[in-house]
Every structure is written in C-alpha cells, then in structure tokens.
Amino acid sequence: MSTVRSFDAVEVGEEIPAQTFGVTRSQLVQYAGASGDFNLIHWNERVARAVGLPDVIAHGMFTMATAGRLVTDWAGDPGAVVEYGVRFSSMVPVPDDDTGTTLTVSGTVEDKLDDRRVTVVLTARCGDAKVLTQARAVVQLS
Amino acid sequence: MPLNRAFIGREYAFDQPFEVGRELIRHFASAIGDTNPISHDVEAAKAAGHPDLVAPPTFLTTLSFRRRSGPIGDPDLGLDYSLVVHGEQKFVLQRPICAGDVLDGHVTITDIRDVGRNEAMVLETVITAGGEHVATAVNTMISRGTAAKKES
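Keeping their order, the protein sequence lines are chains V and S.
Okay, so the first sequence: first residue is 1 according to this note's numbering, each after it adds one.
Okay, so the second sequence: first residue is 1001 according to this note's numbering, each after it adds one.
The shape of chain V in the complex, shown without the other chains (with noise of 0.2 Å):
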C-alpha cells in the first residue's frame, strides 16, 4: 500500500509548514561517518578557523539532507523525491555547546506537472542568512 501523498489533493501553492532543526557538533560528526566526509572544517575548530573559517561549519549536504526531510516527510516516502537541486549560499556555522544552532526549513509547491509529480521550492534559514538558495525538489505522487 502506497504511502505516498496523492497527487489530486495537492494544489499549487499550497504551503508545507516550516520546520526547525537543530544543529549540533554531535550531528556534525555522526554525519561525517554516516556520509563519509571527514572534511576538518565541518568538526575541528582549529582547522577551520586556521582556514579563514568563522567556526566548524556544517556540511553543505547535512543541510540539503536536512531540507529534505521536509519534502520527504510531507511526501510520506524517501523514494518519491526523482530530483532534488540546491546552491548553497551561506555558511551554517555550529558553535561548540549543547545547543548548537537552528535550520529553519519550509516549503511551497511551485508546480503541479506530468506523470502526478509536483515541484516543491525550499526556503532554509540559519538566523537571518539564507542557507539555500535555488532549492527545489521534483517529486513523484501517487
């Protein structure tokens, strides 16, 4: 039984509710073993900073993956995303404490095209900066 979202009940414009996530320096490292970047900036201070770097900064593709989680939440299926493209705009720099910072994700559906899929355009925010820029996700519905 599909879990995916139908296509019909889908119009455009309609809004995916903003999202938040936390980020933290435990994220950052799990994410480097999960994905296998082990890029310094995204977990030693001193390497980033020695880099021009203001902080240990997340990975461009934990915040895409992160982003995505709206769709694919809203989707109900990892598998109906058939295209996903990001530019990344803005550095999202992870202080060392508990807390971390924040990504504020959400989305709108831009498009209603063939085949029962849909574009959804993402807006990701770390504070004030935009994070993404171009984001947007093809996904296939039922």
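There are no misleading hints in this set.
Just so you have them, the derived chain V footprint on chain S, three or more residues with Cβ under 8 Å:
(1) 1025–1033
(2) 1048–1054
(3) 1074–1088
Calculated from the structure, these hints are not laboratory results.
For glycine and all other residues, C-beta sits at the position ideal for the given N, C-alpha and C.
Based on the hints, put chain S in the right spot on chain V.
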C-alpha cells in the same frame, strides 16, 4: 595555487562497485534525523512497494567519499581539500536507491572556472545498477581563494 585546468573533461570510473547495504542506509538516515520506517524497517519498505530499504534522496553523496578513484586526491589537480566548500548539488534519480543495489559509474570533471577569487569545479557522476542508468549527481565544489591572481 590554481587548480590544474588540464583536468577538465577527465573521466574516472569507480574502482569497484558500491554495494548499498541496509545498515549504511539506516546509519545515513539516522545521521540526518530521518526516522521514516521505509529507510529503517524492511517490512515497512516492502509494504510501501519497494524491494528493500529506501535510501534518503541525498544518500548518493556517500559514494563520492567512499570511492577515492576520482580526481580529489590526485596531487596533480592541486586541490587543497581544507579550502573546499560546497557550491551546488543536484541529484536526478531514475528510481529510488535501495538496499541490495550494486552501483557502478563514473565521474567526469565537466568544468573548472574562476568565480571571483575562488574557483568552481563541477563533477558529474553517472550511476548505474546492472548496466541500467539509475541516477546522476552534479556537484559544484568551491575552492576558496585559489583563483590565479589577475594582472592589474
């Protein structure tokens, strides 16, 4: 130091196939906080019509870090990985990536160009399973501050 532009157009085949396992899908999904049972519970995945656990949409990024056959570590390219930040990323999936998939493919450097003081390098990875094209990933990496100094 600027990147070696002679690398534009170079193509690198995976050194060996990438076997997508259930535990790596679970590990990756957990690391991004994704608790959807379709990525964790085989029965839930099958009930949703999939052959096995389904990888989250950005899962294919793990291939680029687990297959070092590409250009990244080649000293002749001149890339200092600590200066690299991610510029853009796109995935196009012909079908969901599932546990049990044996993925093969190749990476092509499609562009290296100056972007102000930085350089952008674009890698396009075409991924196949059993000879069938299943996905394409396009990665634009930014090498900070390495553009050749302009004559003034």
